[in-house]
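Protein chains in written order, with my numbering: chain G, 1 to 126; chain S, 1001 to 1499.
It is worth saying that the hints were derived from the structure and are not from the lab. Just so you know, not all the hints are guaranteed correct.
[Claimed, not checked] With a cut-off of at most 25 Å between alpha-carbon atoms, the simulated SDA-like pairs for lysine to any residue come out as follows:
{"id": "1", "chain 1": "S", "residue 1": "LYS1371", "chain 2": "G", "residue 2": "ARG108"}
{"id": "2", "chain 1": "S", "residue 1": "LYS1386", "chain 2": "G", "residue 2": "VAL81"}
{"id": "3", "chain 1": "S", "residue 1": "LYS1371", "chain 2": "G", "residue 2": "ASP27"}
{"id": "4", "chain 1": "S", "residue 1": "LYS1386", "chain 2": "G", "residue 2": "VAL118"}
{"id": "5", "chain 1": "S", "residue 1": "LYS1386", "chain 2": "G", "residue 2": "ASP27"}
[Unchecked claim] To spell it out: a stretch of chain G is covered by chain S in this simulated footprint if at least three of its residues, at any positions, have a beta carbon under 8 Å from a beta carbon of chain S; those stretches are:
{"id": "6", "stretch": "41-54"}
{"id": "7", "stretch": "90-104"}
Every value quoted in this text rests on a predicted model; they were computed, and no experiment measured them. The beta-carbon is built from N, C-alpha and C at its ideal position, and this holds for glycine as well.
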Amino acid sequence: MTDDVRARVESELARIRIPTLLVFNPDAVIYCSLPSTITASPTDVMVLVPAGYPQTMLDLAFLPEGSPLLGVLKGQPQQNVSAGGRTWTQVSYHPHTNGGAPPWDPTRHGFHTYIDEVLSWISIGR
Amino acid sequence: MDFHRAVDAQPAVVRMTAKVRDRLEALLFSRYPHREWACFFLFGTRLTRDGLLLTIVELLEPSDGDLNPESDIVSFSEPYTLRAALRKQDSGLCVGTIHYHPEGCWPKPSRLDDDMDGYYAEYFPLFGSSVIYFGMILSRDEHGQVTFSGRGQSGSDYFRVTTLLTIGDRKLRRDSAFSIGEPLDTADSFNARLGELYGVEAAARLKTCRVAIVGVSGTGSPAAHVLARAGVKDFVLVDPQRLAPSNLERVHGSSMGDFDADPPPHKVAVFRDLLLSIDPDIKVECLAGNILQGEVRDELANVDLILCCTDTNHSRTAVGELAYRYLIPTIDVGVAFEAEAGLVTGEIGRITFYSPGAPCAYCLGAVNSWKASVELMTEEEKALRKVQAADAVARGEAPNGYWEDVPELPTVGHFTTLAGSLIASYAIGWLTGKFTAPHRSIEFNILEPGFGYVGFDPPARHDCICQTLIGYADQGAFASVVSAPEHWPPVRRIAASDR
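Excised from the complex, chain G in its bound form (with noise of 0.2 Å):
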């Protein structure tokens, strides 16, 4: 990650309230201790940065693997990833490409505006 990137990525950070880790190798965000309406026990949720950020889009999420919530939200489970020492499941989630979000624009999206795109994913059954 580029200084650049770090600073950006850093500065969306420190705009929202809940706790969250910035990890490297890969790139990531982890929005940590999520309220879902569909379990009892909040989740955590990954969220990769992309080459190119911010001109890249946020795009996908990926939750622990093992989750509840897999297969149970939106979006199509994928392939496992390892960050932040744990291992993680894609999962098909795409807001900013026909998904409800806006179009990405990063002078006005980013980590701190995708939260509320994942507080509502997690929150909605299929």
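Add chain S to chain G, keeping to what the hints say.
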């Protein structure tokens, strides 16, 4: 800290908008010719391969009592100094001082100036995170023209201002420290006609400017070709690609003989050779790389103007950002073709001017976010997404969340040469101040009556960062809008002997 010991000072380039410069001169010379006046200023920086870029954000103008009006020399009050320090701390920017010397005095630092700069170079780093301090001095030479000097410190590194670039909507100025009063060079014989039309001063101005061509292909090569023949003698060429056989149709300077080598030469090297065949005194810096990459951006710190000829979403975003954060202006060009029933129905050009305060590419709606993402994706991710799109179709779902093809639009040389020549024309006008384009954004279609000309001047979005981070340079990284993907190969400098 002793500025006199800084014999190995690195060069620093200062950039400011014409609006700031006009205000600065009006403020500083308000007591001219006998008494000095001064102010603090906020600035952003970028440490480059060759030195430092300094971008002036804002003048912190003195209020009543901030400077002693009874004194012939500058004396900053403590409240004024503290106010500047707190602005530095709050903004994350740097603070410097700027004052002028009275009539008949060169802008050479005096012992009092040494004391002042030495004091502030230790004082201001105590506030905020930046340790960089600069002091600048303006004066007027015997012809009444503004001349200047400047010096700065960052820790144990010293800097000396060599160049001042002023970015206006009608004119781009380049001034060198202590050389403003020098007689202007006369035009060369080969651009004598240009001198006759626009004046000797304009012809000489073209000889002192440095122009970057980003994308040295269909539109970039003819644009640079025209500028070289107009007398521009200093180019930065940026393009990551090597020449391909299909490029012969539109890349000026390319020939069949270029394919005798395996691999074929980089486009920047092919075009460099054309420039040098026109004028062997032309200076050319060739970078096989992309405008998003740090080494390329470093090289752009000291250019007067960028001609962005890549017609990509990420380049448009980058030049928009370079305009507001680093005060580097750009003319961006793209072309498109339309066809129907086997006939060509549209040969369309689009030209956009990016400068500080003007709308960025996102304000203009000039970026397709999906195409931009695809341009920056790894090949592995593209392949994976295509597989997932096919799987989605098999499940009866829409594939476009996973993947959507981005067709590559073909271009042809006669029209790219036209578009490239057109932006070279606007570049000459902007660099010399002799003429300006009628609009910030222009579209035309040469197959429509009246060439389908549409000119418009859209405003920037009032809440866009392109309006709030003007001059922030690297200190605005927290709101950067584009970055180079790490999977791209590193920038390669193509040496004079290399192709």
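Against the structure shown, which of the earlier numbered hints fail to hold, in ascending order? Of the numbered hints given earlier, the structure breaks none, since each of them holds.
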